[in-house]
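Chemist: Listed here are the chains, written in short residue letters.
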Amino acid sequence: MSDTAQVPATAPAAPAAPLRKLRFHVLRHDPRDPQSLPHTEVFELEEAAGMTLFIALNEIRESLDASLAFDFVCRAGICGSCGMVVNGRPGLACRTLTKDLPVDITLAPLPAFELIADLSVNTGKWMRGMSERLETWVHAVEQDPDLRRIEAPMDPELAERIYELDRCVECGCCVAACGTARMREDFVGAVGLNKIARFALDPRDNRTDAEFYELVGTDDGVFGCMTLLGCHDVCPKNLPLQTQIAFLRRRMARAGME
Amino acid sequence: MKVIYTDVLVIGGGLAGLRIAIGARRRGHDAIVLSLVPPKRSHSAAAQGGMQASLGNVIKGQGDNEDVHFEDTVKGSDWGADQQVVRMFVNTAPKAVRELAAWGVPWSRVRQGDREVIINSQKVTITERGEAHGLVAQRDFGGTKKWRTCYVSDGTGHAMLFAVGDQAIAAGVPVHERKEAIALIHDGARCYGAVVRDLITGELTAYVAKATAIATGGAGRVYRVTTNAVICEGIGAALALETGVAALGNMEAVQFHPTGIFPAGILVTEGCRGDGGLLRDANGHRFMPDYEPEKKELASRDVVSRRMEEHIRKGHGAKSRFGEHLWLDITQLGRHHIEHNLREVKEICQYFLGVDPVKDWIAVRPAQHYTMGGVRTKYTGESPTLRGLFAAGEAACWDMHGFNRLGGNSVAETVVAGMIVGEFIADFIESPKGDLDIPTALVREAVAAERAKLDALLQGGGTERADALKIEMQQVMTDRVGIFRRGADLEEAVHRLQGLLVRSRSIGLRHHADGPNPELVTAYRTQKMLKVALCIATGALTRTESRGAHFREDFPRRDDSHWLKRTLATWKEPGDTLPCLAYEPLDVLSMELPPGWRGYGNKDYLDHPDTPRRADELQQLRERLHGADRHAVQAEIMPYEHLLPARFRGRNERIDERMP
Chain H
1 MSDTAQVPAT
11 APAAPAAPLR
21 KLRFHVLRHD
31 PRDPQSLPHT
41 EVFELEEAAG
51 MTLFIALNEI
61 RESLDASLAF
71 DFVCRAGICG
81 SCGMVVNGRP
91 GLACRTLTKD
101 LPVDITLAPL
111 PAFELIADLS
121 VNTGKWMRGM
131 SERLETWVHA
141 VEQDPDLRRI
151 EAPMDPELAE
161 RIYELDRCVE
171 CGCCVAACGT
181 ARMREDFVGA
191 VGLNKIARFA
201 LDPRDNRTDA
211 EFYELVGTDD
221 GVFGCMTLLG
231 CHDVCPKNLP
241 LQTQIAFLRR
251 RMARAGME
Chain R
259 MKVIYTDVLV
269 IGGGLAGLRI
279 AIGARRRGHD
289 AIVLSLVPPK
299 RSHSAAAQGG
309 MQASLGNVIK
319 GQGDNEDVHF
329 EDTVKGSDWG
339 ADQQVVRMFV
349 NTAPKAVREL
359 AAWGVPWSRV
369 RQGDREVIIN
379 SQKVTITERG
389 EAHGLVAQRD
399 FGGTKKWRTC
409 YVSDGTGHAM
419 LFAVGDQAIA
429 AGVPVHERKE
439 AIALIHDGAR
449 CYGAVVRDLI
459 TGELTAYVAK
469 ATAIATGGAG
479 RVYRVTTNAV
489 ICEGIGAALA
499 LETGVAALGN
509 MEAVQFHPTG
519 IFPAGILVTE
529 GCRGDGGLLR
539 DANGHRFMPD
549 YEPEKKELAS
559 RDVVSRRMEE
569 HIRKGHGAKS
579 RFGEHLWLDI
589 TQLGRHHIEH
599 NLREVKEICQ
609 YFLGVDPVKD
619 WIAVRPAQHY
629 TMGGVRTKYT
639 GESPTLRGLF
649 AAGEAACWDM
659 HGFNRLGGNS
669 VAETVVAGMI
679 VGEFIADFIE
689 SPKGDLDIPT
699 ALVREAVAAE
709 RAKLDALLQG
719 GGTERADALK
729 IEMQQVMTDR
739 VGIFRRGADL
749 EEAVHRLQGL
759 LVRSRSIGLR
769 HHADGPNPEL
779 VTAYRTQKML
789 KVALCIATGA
799 LTRTESRGAH
809 FREDFPRRDD
819 SHWLKRTLAT
829 WKEPGDTLPC
839 LAYEPLDVLS
849 MELPPGWRGY
859 GNKDYLDHPD
869 TPRRADELQQ
879 LRERLHGADR
889 HAVQAEIMPY
899 EHLLPARFRG
909 RNERIDERMP
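Chains H and R, in that order, are what the protein sequence lines are.
Residue numbers for the first sequence follow my numbering, so the first one is 1 and each next one is one higher.
Residue numbers for the second sequence follow my numbering, so the first one is 259 and each next one is one higher.
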């Protein structure tokens, strides 16, 4: 290994193309202000190497309009706060690079959630309501285990399969992309169905299929899904929503007949 | 005026706060959690690596126990930690992992038989025991003697936070989201709750509670470059500080991580260097061997960070619009290794830098990572000076990390502190001390005072710009109160921060709405953050030694003879521009592990006069107890179990330490 190497040509320090002037078309509205009407406002910004929508929106706020409302927390693709509609597609803004977008970038808040202002929506309230309805926690066989004792073993593959579904960050993109959610206000969405699939898989949860049927065996649950699968296409965590919903529907149909 | 009454007001909806609320509920008390964001979005979710707990299930963890975890943690702290608190922590950590397992966390599990792992860049085959099959697995982490870090694939914090968040929902704990505590209600002796601002409507509400707990995480955002989430602004610490009574402990103890991606500050794991990644400068030169010929890129976290900054200072940083940085080069590891062993790094590079680390270099620079200091509390989590005020997790200084925290001990602390402090809060409100006898005038005046401050910002006609002051503060902190600290720089920093604080008192806004107004939020938070920043900078200036992550170029030695003590910062008057510093000595004669060499880093330190005496005492004691079991020896040296809540006492069972 040589002690000095050529800086790779693709490294961000040496961008090949001249910097673009980006135009952000942002949908703005404050529903609590009686004077406010939803409208689009355009902000122009010079693109920078490695610019994400997190960086761009903060630059707009710091230099162009201090009142622009949006949500970021981890800005690392972990927390799911920054779901928004980017050029017509729901996604996480923090890990969207401007270089992957055209010069004109349209930003709108996620539909289906209560609007707080501009790009900020109340996903937290929706998710809490869903969690309460579907009881998205382990209904433990053993309520108060002796914590001094060695833990109950679990098959390593099963733990991995549970984690695969546990990776959901409740960003709300699947609900925003869902046809049923537009028509049925109480539809639990792919996020809710995936959680039921996750707890149904977990041997630490003592609920039976009949009990899960009580939670999702309706048109607001698994039978409301029209299999358009926008959820599957937009999920930032690439959760296997298509197979989980199909699997859960079969299982619930069986539980319903019994 | 709206007033909400509850038993326990928890400020902060991360792992520590949620676990406190669950604990209080289980003891039959009402609890309300305030959270700036939906609680599952808290920064706890970002703890990807894992949680330390001495279960000793994997073969490389065999022989691990509380004693080994204790020693690693105290050495890591550079003897700044409270050793009794460390003992409480290491004894509860295995119980916390087991509780979380029962709550549904899909911990990665041990698979019996042979497997191939990389140790010191060498492929090695190890064999897991049959009796460990299916138990919670542990991985290797820096600064630990045994493999002790329990993990959930690459998303430990996320899985923990969702399990605990869902348990809070199951327990019926109300979380008041998008609500921000902006002042504590107190009379100088007892805390009665907080004045809370609704971030959507702007409305102020008084929350009156028997016990108030601060669990707001760290203060990383007082720095320009940090791995912390944007909500980690140290506001909880500022709330305590602004009482004038509660103290902040060891705020100058700030940890930096060598490889934050640049400019976003998002962390890429140490594993990159562990597996053979190299650090390069603007000219492509591999510079670490010039500074550290022996350990090169694999010197300890603080040493690598220091060398990187030194190299940038010498003018060798790569320049970009956002400032200077260095390169992490893992191209030599090859596609297969990167896509299989460093998948997370590949994704971060792809999403946040738009580069492929198989062929491109990664722009990195050391970034602020962790706040060891925080609201000073007793081992119960309660402030020794403001009754009814508690703190836990990164926001607190109870103090288990001293001057440097070990990887995997932070997310472990969140749940362990939540368990322990939750019980002590329940004890407090069940005792006469917890009785509430609050004059309504105190509540009214507290709300009116906050209303007046907000109105001054909204309508006061000030001319200073909040975001400009905030950026300048962050730049001062990153430039002068960072990894390398020097008296002259720190003096300059304190001076400039004082100037910024004075200017922050005449902030004016361009937008005057009281509802969802991000400019207003920046304004009042910046005023608070500047006070926290001043505690860090003055603490660092005054501490004329180097200890753990606090490194003074002009005082490079650890000096136990003068500085084996904890910094306590208070803010006496609202109009002051500096905190008041006091010092709390650590008692060597009661330590289980008297100060010595950490086993890595600088060997050159000045002893405390009591150290040799304590070492002798301990040697005699160990000789006298020769042959006794380890628990008995420990109990003789430094008893601690009586300090734990009854619920969490007791030994921890292991494969090699079976319980009857």
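FYI, nobody ran anything at the bench for these hints, they're computed from the structure.
The beta-carbon is built from N, C-alpha and C at its ideal position, and this holds for glycine as well.
Mixed in with the good hints there might be a few duds.
What follows is a set of in silico ranges between Cβ atoms, one per label pair, in the way DEER data are often shown [to be verified]:
#1 R:Arg916 <-> H:Glu258: 50 to 60 Å
#2 H:Pro18 <-> R:Gly592: 29 to 39 Å
#3 H:Glu46 <-> R:Glu749: 29 to 39 Å
#4 H:Gln143 <-> R:Ile913: 19 to 29 Å
Within a straight-line C-alpha distance of at most 25 Å, the following computed DSS-like cross-link-like pairs (lysine-lysine) qualify [as the list claims (entries may be wrong)]:
#5 R:Lys711 <-> R:Lys604
#6 H:Lys21 <-> R:Lys554
#7 H:Lys99 <-> R:Lys604
#8 H:Lys125 <-> R:Lys577
#9 R:Lys381 <-> R:Lys577
#10 H:Lys237 <-> R:Lys604
#11 R:Lys617 <-> H:Lys99
#12 R:Lys577 <-> H:Lys99
Now the stretches of chain H that chain R is said to cover, found in silico as 3 or more residues with beta-carbon under 8 Å [as the list claims (entries may be wrong)]:
#13 67-73
#14 173-186
#15 237-247
Chemist: Work down the list of hints and note, for each, if the structure agrees.
Modeler: Hints and how they fare:
no.	hint	in the structure
1	R:Arg916 <-> H:Glu258: 50 to 60 Å	violated, 44 Å
2	H:Pro18 <-> R:Gly592: 29 to 39 Å	holds, 34 Å
3	H:Glu46 <-> R:Glu749: 29 to 39 Å	holds, 37 Å
4	H:Gln143 <-> R:Ile913: 19 to 29 Å	holds, 26 Å
5	R:Lys711 <-> R:Lys604	violated, 47 Å
6	H:Lys21 <-> R:Lys554	violated, 42 Å
7	H:Lys99 <-> R:Lys604	holds, 18 Å
8	H:Lys125 <-> R:Lys577	violated, 44 Å
9	R:Lys381 <-> R:Lys577	violated, 37 Å
10	H:Lys237 <-> R:Lys604	holds, 15 Å
11	R:Lys617 <-> H:Lys99	holds, 19 Å
12	R:Lys577 <-> H:Lys99	holds, 20 Å
13	67-73	holds (count 6)
14	173-186	violated (count 0)
15	237-247	violated (count 0)
Violation of the numbered hints given earlier is confined to hints 1, 5, 6, 8, 9, 14 and 15; the remaining hints are satisfied by the structure.
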